[in-house]
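Novice: So in my numbering, spot 62 of the sequence shown is number 53, and the numbers just go up one at a time.
In short, the hints are calculated from the structure, not lab data.
Heads up, the beta-carbon is just placed ideally off N, CA and C, and yes, glycines get one too.
Please note that a few of the clues may not be correct.
Result set (SDA-like, lysine to any residue): computed pairs, CA atoms no more than 20 Å apart in a straight line [stated by the list, open to error]:
| # | residue 1 | residue 2 |
| --- | --- | --- |
| 1 | Lys53 | Pro27 |
| 2 | Lys63 | Asn41 |
| 3 | Lys117 | Lys80 |
| 4 | Lys108 | Val3 |
| 5 | Lys59 | Val85 |
| 6 | Lys84 | Asn56 |
| 7 | Lys111 | Pro88 |
| 8 | Lys84 | Tyr44 |
| 9 | Lys108 | Gln68 |
Between beta-carbon pairs, the in silico distance windows are [what the hints assert, rightly or not]:
| # | residue 1 | residue 2 | range |
| --- | --- | --- | --- |
| 10 | Ser54 | Thr(-1) | 30 to 38 Å |
| 11 | Asp21 | Gly110 | 30 to 38 Å |
| 12 | Val28 | Pro82 | 19 to 27 Å |
| 13 | Glu96 | Ser54 | 15 to 23 Å |
| 14 | Asn41 | Gly1 | 17 to 25 Å |
| 15 | Arg30 | Met(-8) | 35 to 43 Å |
| 16 | Ser116 | Thr(-2) | 37 to 45 Å |
| 17 | Gln17 | Glu96 | 18 to 26 Å |
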Amino acid sequence: MKQGKITTNGVVLHTHENATVVFLTQLGYDVELLVPVQRKNARTPDISINGLYWEIKCPVGKSTNTIKRAFKTALRQSKYIIFDLRNSKMPDKVNVPKLEKEFSEIRSAKQLIIITKKGKLIDYSK
């Protein structure tokens, strides 16, 4: 598989987001980091892949509402969401069904990519 490339545009990501970007490039995706917009209520997704703007979420909490809150926060940024569960304190068997439920119930979400604890990529589209 061909290694993807990262276009940084001078953006420095948080460590957990950077790990997600590196993982995606290892799968062959070309990832462009997006410069955050400094306007109130502006949508500022984290990255662009194939012309689509994606928001990355890397939840670590173990509250029952962690996934739901993170999903709704992500939707304010983009309709295309990547959840990296590799550092989550909750097991995939709990998180993945919650993400599937949120994705199916919220009509504005267009695509969801989940990276499981074992590094498996699950892709859902509408």
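Novice: Hints first: check each against the structure and report whether it holds.
Specialist: To see whether the hints hold, each was checked on the structure:
no.: 1; hint: Lys53 to Pro27; in the structure: violated (28 Å)
no.: 2; hint: Lys63 to Asn41; in the structure: violated (23 Å)
no.: 3; hint: Lys117 to Lys80; in the structure: violated (28 Å)
no.: 4; hint: Lys108 to Val3; in the structure: violated (24 Å)
no.: 5; hint: Lys59 to Val85; in the structure: holds (12 Å)
no.: 6; hint: Lys84 to Asn56; in the structure: holds (15 Å)
no.: 7; hint: Lys111 to Pro88; in the structure: holds (15 Å)
no.: 8; hint: Lys84 to Tyr44; in the structure: violated (28 Å)
no.: 9; hint: Lys108 to Gln68; in the structure: violated (24 Å)
no.: 10; hint: Ser54 to Thr(-1): 30 to 38 Å; in the structure: holds (33 Å)
no.: 11; hint: Asp21 to Gly110: 30 to 38 Å; in the structure: violated (19 Å)
no.: 12; hint: Val28 to Pro82: 19 to 27 Å; in the structure: violated (36 Å)
no.: 13; hint: Glu96 to Ser54: 15 to 23 Å; in the structure: holds (19 Å)
no.: 14; hint: Asn41 to Gly1: 17 to 25 Å; in the structure: holds (22 Å)
no.: 15; hint: Arg30 to Met(-8): 35 to 43 Å; in the structure: holds (39 Å)
no.: 16; hint: Ser116 to Thr(-2): 37 to 45 Å; in the structure: violated (24 Å)
no.: 17; hint: Gln17 to Glu96: 18 to 26 Å; in the structure: violated (32 Å)
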